[in-house]
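Colleague: This is what each chain is made of:
Number of protein chains: 2
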Amino acid sequence: MTDLPLTIQAIKKAYAAKTISPRELILQLRSQALAQADFNAWITLLDEAQLEPYFVALANKEMDELALYGVPFAIKDNIDLAGVPTTAACPDFTYVPELSAPVVEALISAGAIPLGKTNLDQFATGLVGTRSPYGEGKNVFNQEYISGGSSAGSAIATALGQVAFALGTDTAGSGRVPAVLNNLIGHKPTKGLLSTRGVVPACRTLDCVSIFALHAEDAAQVLEVAAQYDEQDAYARVNTYANKKRYFGAVPSSFKFGVPDELDFFGNSETQALFQKSVEQLQQSGGTPVSISFAPFIEAAKLLYEGPWVAERWLATQNVKLESMLPVIQTIIGNGNNGKASDAFAAQYRLAELKRTCDGIMQGLDCVIAPTMPTVFTRAQIGEQPVKNNSILGTYTNFMNLLDYSATAVPVGFLSSGVGWGVTLFGNAFTDVTLLSFANILQRANATNMGATAYPLEQVSSSATPCPPTEIDVVVCG
Amino acid sequence: MTDLPLTIQAIKKAYAAKTISPRELILQLRSQALAQADFNAWITLLDEAQLEPYFVALANKEMDELALYGVPFAIKDNIDLAGVPTTAACPDFTYVPELSAPVVEALISAGAIPLGKTNLDQFATGLVGTRSPYGEGKNVFNQEYISGGSSAGSAIATALGQVAFALGTDTAGSGRVPAVLNNLIGHKPTKGLLSTRGVVPACRTLDCVSIFALHAEDAAQVLEVAAQYDEQDAYARVNTYANKKRYFGAVPSSFKFGVPDELDFFGNSETQALFQKSVEQLQQSGGTPVSISFAPFIEAAKLLYEGPWVAERWLATQNVKLESMLPVIQTIIGNGNNGKASDAFAAQYRLAELKRTCDGIMQGLDCVIAPTMPTVFTRAQIGEQPVKNNSILGTYTNFMNLLDYSATAVPVGFLSSGVGWGVTLFGNAFTDVTLLSFANILQRANATNMGATAYPLEQVSSSATPCPPTEIDVVVCG
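Heads up: the sequence lines are chains A and B, in that order. Take the first sequence: its position 191, counted from the start at 1, is 239 in this note's numbering, and no numbers get skipped. Take the second sequence: its position 43, counted from the start at 1, is 91 in this note's numbering, and no numbers get skipped.
Just chain A, same shape as in the assembly (with noise of 0.2 Å):
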């Protein structure tokens, strides 16, 4: 373990003071990395000599002049590194891509520095973090318990402390259900903000990359370092001018906030307790709760994987002979060629209803507060109905993309069997800055330790009072 909590601001800090150069830092990780390896968070380790680059790369660079100057992440192992393997935990897809992702990219430009590639449901699909050849993600609270996935190794290494963030993937929820039950925020962005070339689909029209972080600002951070348009991504759109880093913390004074009218915890009063909690922090915080219909919200997140969504997994999966997945991956993808176009098309009106409708719902309000997911299970609960119980995990993440919205997950509290859980924030596509914003208020009411380091939030905590712009827009004429 280093001395040294991994927050960016941290991170730079200790670099300035020259206490620890990125070099020694970043094989410090690596070490613990290795060490902790029974947590089944990577499937490739960069090794010395293909970190070097890296450290060669940053020695001629200000670090005033790179946002994450010798920030530590990790990739999830389905979006490209150049010249490291891509498994989407099927050793049999394996390809070693020649250029890196550009959401990658971005990262490396700005002077991250990936420490491997991390483990994942195989193909992206699933929310336990148990399906993969090269094992089980296990919480970092309590190993019997699930990781959450699919980008389990992500969120198990980020809060481990091995690395400042991480990038996962997530289509159904698979960057929302890891992070909470490791303690972190999760940020799935609006679709199409962050490039997924280089990303193995999983539903190419949902998928977005998203971010694993210790905490909200850290998450907006990297967020504004990967949001780049990608022009030869043919999903992706640009991002507003109000959706930007330099608006993070600016939330009024008063604000009103969606409360779903019914929900399920499938028998856990722990996590109804702890959702509880969080409705009244929000309004302590100035939210007033508005109780909104909930139901086509949940009828659109069934739609995902009883509708024809999972015709994308099929596409996405066609060069990968069945045999070589894992016996659950083969149920869900192998019937995935079974709809007709029809379906599809109805599905799709079906969800252009919904959508009409749950905007509607939405007016108004600044966000709506949802459990990220109803309740938890260990590694053998999954085991002994692995589908039934991951389906359980997504009820409250599926539909997000879907209907187009952007959501992060937030950290709010402990199960009594240790392990983490959290409160999803979700508002339309790009008010994602508003959302860490909000997030990073009920992060901070509930404050902890951040994820299982032993630091807690508020030593590094820069204020919630928003920035003043440091740059401003301008448009050049003539």
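Bear in mind the hints are in silico, worked out from the structure with no lab data behind them. Please note: incorrect hints may appear among the correct ones.
Rough simulated footprint, nothing fancy, chain A against chain B, three-plus residues with beta-carbon under 8 Å [stated by the list, open to error]:
hint, region
1, 389-397
2, 400-406
If you anchor each label on the Cβ, the simulated ranges turn out as follows [said to hold, decoys possible]:
hint, chain 1, residue 1, chain 2, residue 2, range
3, A, D407, B, P181, 38 to 44 Å
4, B, N385, A, Y353, 20 to 26 Å
5, A, Q332, B, Y143, 41 to 47 Å
6, B, N385, A, G382, 20 to 26 Å
7, A, V144, B, N385, 40 to 46 Å
8, A, G408, B, L147, 20 to 26 Å
9, A, D312, B, D112, 23 to 29 Å
10, A, D312, B, L147, 36 to 42 Å
11, B, R398, A, D312, 36 to 42 Å
12, A, A290, B, N385, 43 to 49 Å
Going by beta-carbon spacing under 8 Å, a handful of chain B positions derived as facing chain A [claimed, not checked]:
hint, residue
13, E279
14, P356
15, A359
16, G382
17, N385
In this text, all values refer to a predicted model and were calculated from it rather than measured experimentally. Just so it is clear, CB atoms sit at the ideal spot from N, CA and C, and this is done for glycine as well.
Start from chain A and add chain B according to the hints.
Modeller: Structure of chain B alone, referenced to chain A:
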């Protein structure tokens, strides 16, 4: 024949001068429509009793309050008019709607009077106008030739001066092909601008209600009234501030327009010459032609009928027995449910890529000019090759809704057979009024009589100078 050119301005002027009353005009036009029944324009003409309530409704209204006071129009018979059968040109499909489609309701509320419901290619599936059990639509200039379709009757009725304007629908070109064949403006609005509720779907994700008018300004006026955001239509979109009638005529003195680098006129030297002349006319009006790569547009066009979107037509007619359809429609729609959901998604991926490419090509252009269709056909030729020749007509229209463009078909002259021909100006979504303004320039450059009437375009035209805003949108706070 009335002795009144059927433009909105001329009609209202005549009413103001009391040279004719709405009742007198409408009943004259009804008689004219009956007398011209051999063109097969109408499926249902309202009788005097059905028209009476419209006359009564106008009696207490001030003409100045109603943009379309007493203006006669036609409704394609796949759009609901309360209390009148909707057939979609399939007798077994017929139903009598209780409510009018919101787009019809908006026109009636503005004072317009429906003469009845017009003939179409069955289920709006066709670009020929011959696919109807209610008789083949005939070209107003040469009855041996097709009227074009699917909005055959709406075009015929407008061109013959039986109505001032007509509603069509346009999924693949149905509002553009019959327009220019009959010397009319055919405007296919931005998707979602006009409600498609109460319209029999063809491809619900692509369908548009379209407008036929004698000249561009009337089309702009009808668009202004018809484009009412319908929150109950899941595909409705809110119009932009700049896409309003008050901008009609507001075109820059110099502009850039795209010209496809490769065009196939299928051996027709007459259409090729007219196209070339239109390009030159736009140049003479201040336009700079820019050669653009057209292959990606053509690839998108092919997706429509060779791809999975035909599944939408199957979905729309699930409750109709195949035997109830014309043989050619049976073939098309009967094969509509063969595709897989994975085909639908794969085609949507390709379309997203093509849209990105095409949008890039169109950047920096004020509009693009293309032939509305490469060549024209007699009704006999369509009878001999009903599918192939229909496809040829859609060569340059099919991509428009898939790529989310707005388009105005403009008549630019006549072929030696006597029938009209024209070009299409297209641009990004929400450029409707700009396109209509360019269309106005081009139509006036080729000024002939309007439609098949005895009235020249000049006689009733207002200038093409931008009208100063007569109203200002204000926001009232508090």
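Colleague: Hint by hint, which ones does this structure get wrong, listed from lowest number up?
Modeller: As far as the earlier hints go, 5, 9 and 16 are violated by this structure, in ascending order.
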